[in-house]
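Peer 1: Residue numbers (our numbering), protein chains in the order written: chain A, 17 to 220; chain B, 43 to 840.
Quick caveat, the hints were computed from the structure, so don't treat them as lab data.
Be a bit skeptical, because a hint or two may be false.
Some residues of chain A that are not near chain B, with every Cβ distance over 12 angstroms (derived) [stated by the list, open to error]:
{"no.": "1", "residue": "Ile78"}
{"no.": "2", "residue": "Ser88"}
{"no.": "3", "residue": "Arg98"}
{"no.": "4", "residue": "Glu105"}
{"no.": "5", "residue": "Glu168"}
{"no.": "6", "residue": "Ser210"}
{"no.": "7", "residue": "Ile214"}
Over 12 angstroms on every C-beta distance to chain A, these chain B residues come out as not near it, computed from the model [unchecked claim]:
{"no.": "8", "residue": "Ala55"}
{"no.": "9", "residue": "Lys190"}
{"no.": "10", "residue": "Ser191"}
{"no.": "11", "residue": "Val217"}
{"no.": "12", "residue": "Lys227"}
{"no.": "13", "residue": "Leu432"}
{"no.": "14", "residue": "Ala564"}
{"no.": "15", "residue": "Arg592"}
{"no.": "16", "residue": "Leu593"}
{"no.": "17", "residue": "Thr632"}
{"no.": "18", "residue": "Asp677"}
Quick list of in silico lysine-lysine cross-link-like pairs, DSBU-like style, CA-CA up to 30 angstroms [what the hints assert, rightly or not]:
{"no.": "19", "chain 1": "B", "residue 1": "Lys576", "chain 2": "A", "residue 2": "Lys107"}
{"no.": "20", "chain 1": "A", "residue 1": "Lys107", "chain 2": "A", "residue 2": "Lys160"}
{"no.": "21", "chain 1": "A", "residue 1": "Lys75", "chain 2": "A", "residue 2": "Lys194"}
{"no.": "22", "chain 1": "B", "residue 1": "Lys544", "chain 2": "B", "residue 2": "Lys295"}
{"no.": "23", "chain 1": "B", "residue 1": "Lys576", "chain 2": "B", "residue 2": "Lys295"}
{"no.": "24", "chain 1": "A", "residue 1": "Lys107", "chain 2": "B", "residue 2": "Lys544"}
Built from N, CA and C at the ideal position, the CB exists for glycine as well.
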Amino acid sequence: MSRSLAGSPARRVGVVLAGALALVLASAPIAADAAGSDLDRVMGALAQRKTGHVSFTEKKFIAMLDRPVESSGELLYDAPDRLEKRTIEPKPEDLVLEGGVVSAQRGKHHYVLDLKQYPQVVPFIESIRATLAGDRASLERVFKVDFTGSFEHWTLGLVPLDSKLARTVAQIHIEGEKDLIHTVEIHEADGDRSLLTIGADVAP
Amino acid sequence: MTRTGRVATAVWAAFVFAATVVVVFAHYTTDLSAFLPRSPTATQRLLVDQLREGIASRSILIGVEGADSAERARISLAMGRRLRADPQFVAVTNGEPVGLDRDRELLFNHRYLLSEAVSADRFTPNGLRDAVQETLDLLASPMGMLAKSLLPRDPTGEMLQIIDQLGSERQPPSVDGVWTSRDGKRALLVVQTRAAGSDTDGQEGAVAAVRGAFSAAVAEVEAGGGGAAGRAPATLEMSGPGVFSVAARATIKQQVTRLSIVSTMLITLMLLWVYRSFRALVLGLIPVASGALAGIAAVALGFGSVHGITLGFGVTLIGESVDYSIYLFIQSQQRTSALWSTIRLGVLTSIVGFMSLLPSGFPGLAQLGLFSISGLVAAALVTRYVLPNLMPPILNIGDVTPLGTAVAAGLQRVKTPRALLLVIPVLAAVVLYTHRGPVWNHELSALSPVSKSDQALDAMLRSDIGAPDVSYLVVVSGPSQEAVLHAAETVDPALDALVEQKVISGFESPARYLPSLEAQRARQGSLPPDTELKSNLITALDGLPLQVDRLDPFLHDVEAARNQPLLTRKQLEGTSLATGVDALLLSDGTRWSALLPLRVPTTVAIDTVSIDIGRVHSGISKLALGEGVEAVVLDVKGEVDRLYSSYLSEALRLSLAGFAGIVVLLVIFLRSPARTARVVTPLVLAVLTVTAGLVLLGQQLTILHLIGMLLIVAVGSNYALFFDRRSNDPHAGSAPLTLASLVIANAATVLGFGVLGFSSVPVLSALGSTVAPGAFLALVFSALLAGSGPRESTPVAA
Chain A
17 MSRSLAGSPA
27 RRVGVVLAGA
37 LALVLASAPI
47 AADAAGSDLD
57 RVMGALAQRK
67 TGHVSFTEKK
77 FIAMLDRPVE
87 SSGELLYDAP
97 DRLEKRTIEP
107 KPEDLVLEGG
117 VVSAQRGKHH
127 YVLDLKQYPQ
137 VVPFIESIRA
147 TLAGDRASLE
157 RVFKVDFTGS
167 FEHWTLGLVP
177 LDSKLARTVA
187 QIHIEGEKDL
197 IHTVEIHEAD
207 GDRSLLTIGA
217 DVAP
Chain B
43 MTRTGRVATA
53 VWAAFVFAAT
63 VVVVFAHYTT
73 DLSAFLPRSP
83 TATQRLLVDQ
93 LREGIASRSI
103 LIGVEGADSA
113 ERARISLAMG
123 RRLRADPQFV
133 AVTNGEPVGL
143 DRDRELLFNH
153 RYLLSEAVSA
163 DRFTPNGLRD
173 AVQETLDLLA
183 SPMGMLAKSL
193 LPRDPTGEML
203 QIIDQLGSER
213 QPPSVDGVWT
223 SRDGKRALLV
233 VQTRAAGSDT
243 DGQEGAVAAV
253 RGAFSAAVAE
263 VEAGGGGAAG
273 RAPATLEMSG
283 PGVFSVAARA
293 TIKQQVTRLS
303 IVSTMLITLM
313 LLWVYRSFRA
323 LVLGLIPVAS
333 GALAGIAAVA
343 LGFGSVHGIT
353 LGFGVTLIGE
363 SVDYSIYLFI
373 QSQQRTSALW
383 STIRLGVLTS
393 IVGFMSLLPS
403 GFPGLAQLGL
413 FSISGLVAAA
423 LVTRYVLPNL
433 MPPILNIGDV
443 TPLGTAVAAG
453 LQRVKTPRAL
463 LLVIPVLAAV
473 VLYTHRGPVW
483 NHELSALSPV
493 SKSDQALDAM
503 LRSDIGAPDV
513 SYLVVVSGPS
523 QEAVLHAAET
533 VDPALDALVE
543 QKVISGFESP
553 ARYLPSLEAQ
563 RARQGSLPPD
573 TELKSNLITA
583 LDGLPLQVDR
593 LDPFLHDVEA
603 ARNQPLLTRK
613 QLEGTSLATG
623 VDALLLSDGT
633 RWSALLPLRV
643 PTTVAIDTVS
653 IDIGRVHSGI
663 SKLALGEGVE
673 AVVLDVKGEV
683 DRLYSSYLSE
693 ALRLSLAGFA
703 GIVVLLVIFL
713 RSPARTARVV
723 TPLVLAVLTV
733 TAGLVLLGQQ
743 LTILHLIGML
753 LIVAVGSNYA
763 LFFDRRSNDP
773 HAGSAPLTLA
783 SLVIANAATV
793 LGFGVLGFSS
803 VPVLSALGST
813 VAPGAFLALV
823 FSALLAGSGP
833 RESTPVAA
């Protein structure tokens, strides 16, 4: 696959969001210790889960389109670094992340994408993978991680550390309860966003 | 000197002069033309073209091992930079996205000419709706983030269509930004040389340039702080046809030089020891040199050019001619007329044997036949008519009578084993009959000087890189570039169908990089005018979440494409598409060929690569390709093996015919079937024993072994004839002297070929390991069988 994202410049939305986030961060130093330990608890709980097989629905809000495009399917996870996104609607497509390489099967076509060659794709994937793996170190390598809430109900705010990556992904919100992830919301730098909602476990 | 002697010497001098002129001005070739049959079929010509200058012949596969992954990547990048700047290379790929932006821009700007999906239907309201819906579906998918930016200009997804068309190639995984083997142990690069594969000098330059780039890259990386202590240093591995031919040439040159120095020294020492005369030694070389000169000149005149192969093998055949002077010097004290009649029959026998090679369709063998015949005739004539004139009246050479006496005494003692001779053919027959697997190897690779470990390295790099073997091709040839591109566009869908049926896993086609003008014109013609497109689009988008005013860039681009100049080779310049087209589109000035390499089904393991050629053939054979255009399926390795195999079978048949000719000749000259049998039997026994021995040692026989067998017969017939003469004519001179001359001549042959047997180059060792034991056995069997004939009182000096 030789396509790459067109590097779109950071728009005002992204700047505003980043600014807002900086405010939030600046105003919450007192909670840092408690949040840190809760974050570790969540990460520890997530790390305990070695496999997962759940359904998902995803809505993408794209500025060019009048209404969001929707897709649904199943997510499969095997610790620590195999993640499969099996889209069923509207078009079957299979996306597998394994050992830093993404391969996709869509219709007759097979694509292989090396994350090293397409660093702009990394935040989309690493946010989910590292969270699922409970791998705080990996998360913090790529993102500025902001934890709010408690072990029972938490939100992770992720902002890419790399300014180049920030030009595609402004921030990511992951919401969950204990060792379960409920939603992953990705705000792209151009204002578009996607909302991934994780549903029930799929019986094996 | 007698009058005839003076005339003979003058004629010889004139001959040497004329032959030297011919030899100096002769044309020498080392390319694969020796393997091209004299009247090749179109397929065979294509085959040789492919081997000589095809894309596969120009590829060098490179692996960088050792160090660590990051350092290997830095070396690969540094090598890539250097090699890309080197005009010796047409393309250098190592996984870096070099020139991808330029490629992408060219593809995007010409998407309406390049996309196979572009047709009139595509731009009707229904067609547009389907195409846009497809793109919206893609936006919803995980791949969507890649498609989003293209939407306003390309809502029908032509760019993605083109990428799908082109992107069927599987690439190796990348680590640290460069191609890496699946096991992660080596960085991979592939370069294509400008020089053809058959241009060994050019390939040698390219190989040296790769080595140079590697050393420079290692130095650069180390200077940049890499190369931590205690780690294995980075090493370079290279493979590919060019690399092999460079290495093979170097090995053969080095071995031929070293081995011929060794054997020359051994033979010289032996002859000096025997003759104890430096003068005799030098004189003995005159027939040999004259024979070689005559052989080369005859081939140059008869074939127009002399092939390196002929020279290599031919000069060893001349080894027989050194025997003539040995016989002359040692036996000249005797009645020489008997000597000459025996030598004459020996030469005739060899001529009949080698004559069988002349009609061979394999020019290499035919040249070898002519070379041997002219060389032996010249050497014999010079020994007979010139050498005696140059010899002093009394040639003071050492007395070899004691040697002959000792041999004769030894032969006397060996009586019982004669019956054992009968056992030999039985044993040999048992060995050959019970041998599992074919005795003859019908694959050309059996002659390959490439070592097993190098072949394994090649297979490993090839599978790492996923490089198509280019063993299987569809070749479309026709009168013009446009004609073959157009025909390729007809063949492509047929091959697509074969991909569906999993007969092949994929293929490449130059028409994907550069569609025929006709196809481009048709695509351009199917683009509707601005107003029509807009109204179609409005209808198409009804109910879709996309507003037509968002797609103004699309309307603008289509309008521009309607008047865009068609894509030609010139516009591809500087992109990787140009490399693709140049590799797949060839012209010899009058005819054009489009190459469509086929990929082996992925279900098949690497070492059993094969494609059902019959199905490919029937898939494309019924297509109408246009005037003067044809498509051929080419299985390169299979075709090469078939060609070689046909040469081998033909050579076997011709050799048997030659053997029959020798029998007829002997019957005529000896006027006795019994004597003929006594001459022929030791030769047959020697050949059988050697063959059985080689098979027992696990050797598969090649065409070189066959040539070796011919040599056994050629050299051995002299021994048998001398023994026959002595058996038939008890007064034919001194037995010890005859015996001694035979032993010495035999020792020279065994030494010369025995040394060759130690070569690691298969062609040389095959020849050596056949002739050395064969010649020795021919002498032993001749001696033993002669003793069993009508007995004479052997004048053994007591």
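Peer 1: Are the hints correct? Go through all of them and say.
Peer 2: Hint check results:
no. : hint                  : verdict
1   : Ile78                 : 6 angstroms, violated
2   : Ser88                 : 9 angstroms, violated
3   : Arg98                 : 15 angstroms, holds
4   : Glu105                : 8 angstroms, violated
5   : Glu168                : 31 angstroms, holds
6   : Ser210                : 9 angstroms, violated
7   : Ile214                : 15 angstroms, holds
8   : Ala55                 : 73 angstroms, holds
9   : Lys190                : 7 angstroms, violated
10  : Ser191                : 4 angstroms, violated
11  : Val217                : 7 angstroms, violated
12  : Lys227                : 15 angstroms, holds
13  : Leu432                : 77 angstroms, holds
14  : Ala564                : 24 angstroms, holds
15  : Arg592                : 5 angstroms, violated
16  : Leu593                : 9 angstroms, violated
17  : Thr632                : 37 angstroms, holds
18  : Asp677                : 26 angstroms, holds
19  : Lys576/B <-> Lys107/A : 28 angstroms, holds
20  : Lys107/A <-> Lys160/A : 34 angstroms, violated
21  : Lys75/A <-> Lys194/A  : 24 angstroms, holds
22  : Lys544/B <-> Lys295/B : 46 angstroms, violated
23  : Lys576/B <-> Lys295/B : 72 angstroms, violated
24  : Lys107/A <-> Lys544/B : 24 angstroms, holds
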